[in-house]
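**Student:** One letter stands for each residue in the lines below.
Number of protein chains: 2
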Amino acid sequence: MLDQFDLNSKISPEEFTSGFEQQKVELMLLQQQIRSAKIPVIILFEGWGASGKGSMISNLIMSLDPRGFKVHAIGPVTPEEQRYPMLHRFWRILPEYGQVAILDRSWYREVSTARLEDKRARKRVEERFAEIGNFERQLTDDGYLVIKFFLQISKKEQKKRFEALEDKKATRWRVTEDDWRHNQFYDEYYRAFDEMVERTDYGFAPWRVIPAHDRRYAVSRVYAHVIEALQQALAAKQAGPLPAPTAPRESSDVEVEPIPSLGEYDLSKALDKEDYRRALRKGQKRLFELHNKLYRKRVPLILCFEGWDAAGKGGAIKRITRALDPRGYEVIPVAAPTPVEKNHQYLWRFWNALPKDGHIAIFDRSWYGRVMVERVEGFCTEEQWMRAYDEINHFERDLAEWGAIVLKFWLHIDKDEQLNRFNDRQYTPAKQWKITGEDWRNREKWDEYLTCVNEMLQRTNTDCAPWVVVEANDKNYARVKVISQVIEAIEARL
Amino acid sequence: MLDQFDLNSKISPEEFTSGFEQQKVELMLLQQQIRSAKIPVIILFEGWGASGKGSMISNLIMSLDPRGFKVHAIGPVTPEEQRYPMLHRFWRILPEYGQVAILDRSWYREVSTARLEDKRARKRVEERFAEIGNFERQLTDDGYLVIKFFLQISKKEQKKRFEALEDKKATRWRVTEDDWRHNQFYDEYYRAFDEMVERTDYGFAPWRVIPAHDRRYAVSRVYAHVIEALQQALAAKQAGPLPAPTAPRESSDVEVEPIPSLGEYDLSKALDKEDYRRALRKGQKRLFELHNKLYRKRVPLILCFEGWDAAGKGGAIKRITRALDPRGYEVIPVAAPTPVEKNHQYLWRFWNALPKDGHIAIFDRSWYGRVMVERVEGFCTEEQWMRAYDEINHFERDLAEWGAIVLKFWLHIDKDEQLNRFNDRQYTPAKQWKITGEDWRNREKWDEYLTCVNEMLQRTNTDCAPWVVVEANDKNYARVKVISQVIEAIEARL
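The listed protein sequences derive, respectively, from chains V and P. Throughout, our numbering is defined as the position within the first sequence, counted from one, plus 525. Throughout, our numbering is defined as the position within the second sequence, counted from one, plus 525.
Misleading hints may appear alongside valid ones.
Copies of the same chain look alike in the list, so a pair counts if it fits in one copy or across any two.
Unchecked claim - Lysine-lysine pairs mimicking DSS-like chemistry, simulated, CA-CA at most 25 Å apart:
# : residue 1 : residue 2
1 : Lys563    : Lys867
2 : Lys595    : Lys867
3 : Lys956    : Lys843
4 : Lys843    : Lys563
Hint data in this document are derived by calculation from the structure and do not stem from the laboratory. Note that this is a predicted model, so its numbers are computed, not measured.
Please build the complete structure, drawing on both the sequences and the hints.
**Tutor:** Right, here's the structure in full:
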């Protein structure tokens, strides 16, 4: 794909100057409009060393209000970043709705230069391609505008530019050994770049290859593309939200495993006090040892607790954390999103809460709010929750490919048991803080939630992140089952 | 101070068990209360290797709701953290109001073990002591409860514990060479710990030295201290907010320089178009070169823009950023704090926005909101803004000691000029978004703001972070003055 362009495309200085003044004004006004329309924009630049990414960005931001954009230089992965999934550092810098992020290099490092430098296995490269495709798809589905530029220059031109930089004392330090190696093995890097552009030229986030021998020509092309893309995004936004599809989106490339629906579990399962104490003590001891091993082998563990109100999530979590070294885990209570969280794609806050490798994150409620409370209460559109199953499956697959053990618990009680517990809370002063009007209101929607939960189980029970339905009418039984399942999952991995 | 305790203090198993059950219940209930009262709590543990910090923390959190606390293990400074001021990594993990942070090691690493390990200069150690004192004072003034424990064991006891750990295969890896070195040079480390405890045993954040040979005794003492401290904090909160002092707090250890008040500047200063263009072009060229040098020498630059509404902050910032490599700076627009920001001490969000060394942060409005809009509008109490000058002076001194160049601009126009610009914005369609009802309301409080600004200039004009009042009735003059001052400050440093 890279060879389809005339690298020597030019524009005369006069033609450039007159056009450019107009482009700058247009872009300035468009930035105000996308801010009002709350459209988030990502503009990323890939391309050869010395192809002019930095000065291109300087040119672009001349027309932008500095309060509305941020520029991020994406370097090689640092040791700290290496302890998180590949996309983690990009989720962190996702712009808020209405803001612009401009990236000098991007996640495409991973499938281009980095790929040649650490000679990574083909399988790993394929995983990265898949992650990137899903990432961009999730963003654009959420209303992000992703504009991708590749600045193309020839081997000869690159060499000329490196030499010019080395000629001047002030710029000599900017040319590195890596740069010269890229030039020496230009053809090899060319093939990697070409494959990258070819394979990730999605309809929802197409590449714009910019012949960059003539700087004026390149600047005017970049401006023209950005202006056009912003205009289209504004028009699409004005046309209104997407219509809901007739069925949830299927995860074509993540296999979903069958799982019994909630009615099929035997809620009479119970443990007497003595068996409970013995099993708990044994389980906690084993879990403590395993935590140590996870830490030393740098395996991250992600536990996700969902369940009916008063099903005993807090108590089950506490029985687990008591067995853990407190320096190695974190409990993340998930409540309604804050205003800043609402101004990002809904998975953003969970990406930001991931544990380091070797650490444990325990989510007390989770991203599944999207297909439960947000669906029932209408906090998101039908179209949004319908595609969320697929988005969540991909999110969890990213975690699994990073190396995480992911386990999801549904704590299941029946309606009578919930009533007992609600009443107990209501009439025991020390427990009253645990029950609110909202709990009673949710209870009235039991059947609606039941439908949602069953659908959620069916659509998101995967090999890499399985659901465990826990019969929780008896707390003893439930706590022991949770801890045993965690142990089993860790043992299976180690 | 460390030698005043009987390291062999003991408690019988029976006495311990009965007391402990009660302590656990008390702590559990207190956590609910401090959460409702929105009191943030920091509990930090310092002490010798193998003195039992980790298991002490495990014991402590047995009684805590995992949704209300986080444990942080504070390791040696990473290369990434080294690029920020010493306290940066601690500001980042400050708990929200009502939450508990438990620290295994803390900022005291810097003035104890780290101090011996990197053989740092005495001056640097003294700076760190001062920073720590001010940090804890700012936190406790803001309502944070800071509880500090030092777990004390003897050289002999430590040696015994290391040997016991090494005896078992499962725990052998936990004893490091560093640990043995600490034991070998116990006396030297003892002196450093002792000085640390002695010098930082503040009334507002006292040390609790815990003799830790007997683990049961240590646990019961730690519980007792935490319970007592929480009870006192709750009682203090119920007693109501602090009364306002009669005058702002003086910065006893940061020198304030005299500066003319706003009435003394000549607002007729102006530059014609041609001189402006020439000076601007020259200034931008020079600034570009200097940015490069800052980057290579890893000097951080912090610019802070305050001024009347419509005084031209945005325009001045833009003239600076155009000269900069976009990968090396960030503009931080400061608006009203978000709910999460409101749940932290007010400087928290600015600590979180600091640039890496070698980078530039440009604040469009800043922490000075505390002594301007928050004071005028009553968003903080009189007592709060009165101590803010001192807090800000210390904040800026921390930045300067880290190595940052800090410059603060007040863009000054007169009331007539503001009216002209407001009218221009109001009646020019492309500029209408820039003016709101709030601007007009602020204008009515011109005189109140004038008093605040003058007081702010007098109280926070320091050598390490000077104010520059910019005569801004003429935009050309103002922009050139801003850029020249930035250049001058960088040149003076390099």
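**Student:** Each of the hints needs a verdict: does it hold here or not?
**Tutor:** Here is what the structure says about each hint:
1. Lys563 / Lys867: both (12 Å within a copy, 24 Å between copies)
2. Lys595 / Lys867: both (19 Å within a copy, 24 Å between copies)
3. Lys956 / Lys843: within (16 Å within a copy, 56 Å between copies)
4. Lys843 / Lys563: between (41 Å within a copy, 23 Å between copies)
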